Amino acid sequence: MKKWLIPVIIIAVLGFAIYSWAKGFNNEAVVLQEDAKTEWSNVESAYQRRNDLIGNLVKTVQGAADFEKETLTQVIEARSKATSTTIDANNLSPENMAQFQQAQQGLSGALSKLLLVVERYPDLKANANFLELQSQLEGTENRINVARDRFNEDVNKYNKHIKIFPNSMLAGMFNFDEMSRFKSNPGSENAPDVNFDFNKKKE
-2 MKKWLIPVII IAVLGFAIYS WAKGFNNEAV VLQEDAKTEW SNVESAYQRR
48 NDLIGNLVKT VQGAADFEKE TLTQVIEARS KATSTTIDAN NLSPENMAQF
98 QQAQQGLSGA LSKLLLVVER YPDLKANANF LELQSQLEGT ENRINVARDR
148 FNEDVNKYNK HIKIFPNSML AGMFNFDEMS RFKSNPGSEN APDVNFDFNK
198 KKE
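Every letter in the sequence shown is one number past the one before it in the working numbering, and letter 200, counting from 1, is 197.
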């Protein structure tokens, strides 16, 4: 065997090993990144469901005589802002996430105020549509929490994949950046109060 053949073989083997490693890293990163993006879509879908339910809730409340227009206006405006605040799954930056979260938090606050005002409307509290919306809103808040948790889990898997050594050496070369997790505001882990049984006496 010619002496020059041995270095060529060694270089070829090393080259194939590096190629295999880079290919495996890239493909796994793509899969994990796309999974995280899909879970973000599920988060947005859950919030959209809540926005739709709140729209139906507003229509039901509007049918009540002399209901506070200011309160309804606040909910309508907050819902409009929350609906229009979206994020491109390819740009889940901390700033965009915070903006999205702030819009949703504003809607939660307006909704809580509306539900508090409903206490003064016994007929509205007994409305069948209103009671059905109560149940659906409770279920939707649970969906939102589950979707956010799953999103964070997938982001965690992706971030660990691109940050562990030696994968971290390839992450920059292939433009795989760290993804932001969903961070809740203090107290936002609690669903908005949708308990319409206002006849219970406080202890």
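By construction, these hints were calculated from the structure, which means they are not laboratory data. Bear in mind that the values here come from a model prediction, so they are computed numbers and not experimental data. Wrong hints could be hidden among the right ones.
Computed spacing ranges between beta-carbons, pair by pair [stated by the list, open to error]:
#: 1; residue 1: K0; residue 2: E92; range: 17 to 27 Å
#: 2; residue 1: M170; residue 2: Q59; range: 50 to 60 Å
#: 3; residue 1: Y16; residue 2: V143; range: 32 to 42 Å
#: 4; residue 1: G60; residue 2: K160; range: 36 to 46 Å
#: 5; residue 1: M166; residue 2: N142; range: 34 to 44 Å
#: 6; residue 1: V10; residue 2: T83; range: 20 to 30 Å
#: 7; residue 1: N53; residue 2: G106; range: 56 to 66 Å
#: 8; residue 1: E92; residue 2: I6; range: 16 to 26 Å
#: 9; residue 1: K154; residue 2: L113; range: 33 to 43 Å
#: 10; residue 1: K78; residue 2: N142; range: 19 to 29 Å
#: 11; residue 1: N142; residue 2: E116; range: 22 to 32 Å
For every residue, glycine included, the Cβ atom is placed at its ideal position computed from N, Cα and C.
(request) Mind listing which of the numbered hints don't hold for this structure, in increasing order? (result) 1, 4, 6, 7, 8
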